[in-house]
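Just so we're aligned, residue 0 is where the sequence shown starts under numbering that gives the first Met the number 0, counting upward by one.
No lab work stands behind these hints: they were computed from the structure.
Please note that the accuracy of each hint is not assured.
[As the list claims (entries may be wrong)] Here are the simulated DMTMM-like pairs of lysine to aspartate or glutamate, each with C-alpha atoms no more than 20 Å apart in a straight line:
| no. | residue 1 | residue 2 |
| --- | --- | --- |
| 1 | K83 | D51 |
| 2 | K83 | E66 |
| 3 | K13 | E69 |
| 4 | K13 | D42 |
| 5 | K13 | E66 |
| 6 | K13 | E39 |
| 7 | K83 | E69 |
| 8 | K13 | D76 |
| 9 | K13 | E63 |
| 10 | K13 | E54 |
| 11 | K13 | D44 |
Only a predicted model underlies this, so the values are computations on that prediction, with no experimental measurement involved.
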Amino acid sequence: MIACGYLRRYESFKLLAGVAVAPDHQGQGVARQLLMLLAERFDSDTYTFPYDHLEPFYSSLGFERVEVNELSGPVGDLFRSYVKQGRSILAMVYR
0 MIACGYLRRY ESFKLLAGVA VAPDHQGQGV ARQLLMLLAE RFDSDTYTFP YDHLEPFYSS
60 LGFERVEVNE LSGPVGDLFR SYVKQGRSIL AMVYR
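Work out the full structure: start from the sequences and follow the hints.
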């Protein structure tokens with residue numbers, strides 16, 4: 000396997016998660032190609048919670064950072080549960 004990722008549908012939002020590229024294929028645009036294919040299913044209710052250092056990459060694909068206090072309901076609850084696990088992540092939504 001070279002790359003993977005999935006778009007999970009929740010009741011009120013979708014979450015792009017699990018994006019990974021095999022080490023020997025990183026830096027070759029593989030993740031960008033994968034996400035451009037998945038983007039056909041993105042809408043304004045599509046979120047992702049990338050590691051902080053990946054913000055420029057996801058921004059280049061049309062995601063915008065969302066402040067934690069702007070997250071409400073199930074998407075906010077899910078994000079906060081990941082942060083409690085010690086993950087250095089941020090919330091982004093597709094625009």
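Okay, the hints, checked on the actual structure:
1. Straight-line distance between C-alpha atoms of K83 and D51 comes to about 15 Å, which keeps the hinted pair within the 20 Å bound.
2. Only pairs whose Cα atoms come within 20 Å are accepted, and K83 paired with E66 is accepted, the gap being roughly 16 Å.
3. This hinted pair checks out: K13 and E69 have alpha carbons roughly 17 Å apart, not beyond 20 Å.
4. Proposed proximity of K13 and D42 is supported: the alpha carbons are some 8 Å apart, at most 20 Å.
5. The straight-line distance between the Cα atoms of K13 and E66 is roughly 18 Å, inside the 20 Å bound, and the hint therefore holds.
6. At most 20 Å may separate the alpha-carbon atoms for a hinted pair to count; K13 and E39 meet this at roughly 13 Å.
7. Annotation: proposed proximity of K83 to E69 holds, straight-line Cα distance about 18 Å (limit 20 Å).
8. Only pairs whose Cα atoms come within 20 Å are accepted, and K13 paired with D76 is accepted, the gap being roughly 14 Å.
9. Restraint check for K13 and E63: satisfied, since their Cα atoms lie roughly 15 Å apart, inside the 20 Å limit.
10. Our distance criterion of 20 Å between C-alpha atoms is met by K13 and E54, whose separation comes to about 18 Å.
11. For the hint linking K13 to D44, the alpha-carbon distance of about 6 Å falls within 20 Å, and the restraint holds.
Checked against the numbered hints given earlier, this structure breaks none of them.
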